[in-house]
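**Q** Sequence:
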Amino acid sequence: MEIKLLDKNADYNILFKWWKERDHVIIPKSMLSDYGFLVSKDNTPVACMFLYPVVSCDWCMIRFPISDKNATKEIRNEAMNFLFENMFKLAKDMGYKRVFCTTNNPALEKR
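Start counting the sequence shown at 0; every next residue gets the next number (numbering that gives the first Met the number 0).
No lab work stands behind these hints: they were computed from the structure. Any given hint could be a false lead.
[To be verified] Distance condition first, Cα-Cα at most 25 Å in a straight line; then the derived DMTMM-like pairs of lysine to aspartate or glutamate:
(1) 28 / 6
(2) 40 / 1
(3) 3 / 33
(4) 88 / 22
(5) 16 / 73
(6) 88 / 77
(7) 88 / 57
(8) 72 / 41
(9) 16 / 57
(10) 96 / 33
(11) 3 / 92
(12) 28 / 10
(13) 72 / 92
(14) 28 / 1
(15) 16 / 6
(16) 7 / 84
(17) 16 / 92
(18) 96 / 41
(19) 19 / 77
(20) 7 / 77
(21) 7 / 20
(22) 96 / 22
(23) 91 / 1
(24) 40 / 77
(25) 40 / 6
(26) 40 / 57
(27) 16 / 41
(28) 91 / 41
(29) 88 / 20
(30) 40 / 22
Turn these sequences into a full structure, and let the hints guide you.
**A** Next comes the structure, spelled out in structure tokens:
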């Protein structure tokens, strides 16, 4: 798996497509953090999520996790696990002690 910082202009169409396919609310670019990461497998984008630093405390948030619903469940799970690991490392490197995420997705709740 490869991970890269999301380019909100060049990569937004990927997220837009995934959100539409999942009947998800379309998140405007202006609401997306500069800390968005896109995971690919064999040069094919698979999943994305955003880290939102909170300036005034020791925690940050993970928001808007999304994956390509056409990828196999195994690849989606691998990509999400890889993203979470990288997000936790980034948060720790930034000095955060806690990472917070809200979701109504049972698979994400387990993570």
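**Q** State for each hint whether it applies.
**A** Now for the hints, and whether the structure bears them out:
1. 28 / 6: holds (10 Å)
2. 40 / 1: holds (6 Å)
3. 3 / 33: holds (12 Å)
4. 88 / 22: Violated, at roughly 31 Å.
5. 16 / 73: holds (21 Å)
6. 88 / 77: Distance ~17 Å between residue 88 and residue 77 Cα, so the pair holds.
7. 88 / 57: holds (14 Å)
8. 72 / 41: holds (16 Å)
9. 16 / 57: violated (34 Å)
10. 96 / 33: holds (20 Å)
11. 3 / 92: At roughly 17 Å apart (the allowed maximum being 25 Å), residue 92 and residue 3 satisfy the hint.
12. 28 / 10: holds (11 Å)
13. 72 / 92: Between residue 72 and residue 92 the Cα gap is close to 30 Å, so the pair fails against 25 Å, i.e. violated.
14. 28 / 1: holds (23 Å)
15. 16 / 6: holds (15 Å)
16. 7 / 84: holds (22 Å)
17. 16 / 92: violated (32 Å)
18. 96 / 41: Between residue 96 and residue 41 the Cα gap is close to 33 Å, so the pair fails against 25 Å, i.e. violated.
19. 19 / 77: Holds, at roughly 22 Å.
20. 7 / 77: Roughly 23 Å separates the two Cα atoms, so the pair holds.
21. 7 / 20: With Cα atoms ~19 Å apart, residue 7 and residue 20 stay inside 25 Å; holds.
22. 96 / 22: At roughly 34 Å apart (the allowed maximum being 25 Å), residue 22 and residue 96 break the hint.
23. 91 / 1: holds (20 Å)
24. 40 / 77: OK: residue 40 and residue 77 at ~10 Å, within 25 Å.
25. 40 / 6: Distance ~17 Å between residue 40 and residue 6 Cα, so the pair holds.
26. 40 / 57: violated (33 Å)
27. 16 / 41: Satisfied, since the Cα-Cα distance of roughly 19 Å is no more than 25 Å.
28. 91 / 41: violated (28 Å)
29. 88 / 20: Violated, because 30 Å separates the two Cα atoms, which is more than 25 Å.
30. 40 / 22: holds (24 Å)
Of the hints listed earlier, those the structure fails to meet are numbers 4, 9, 13, 17, 18, 22, 26, 28 and 29, in rising order.
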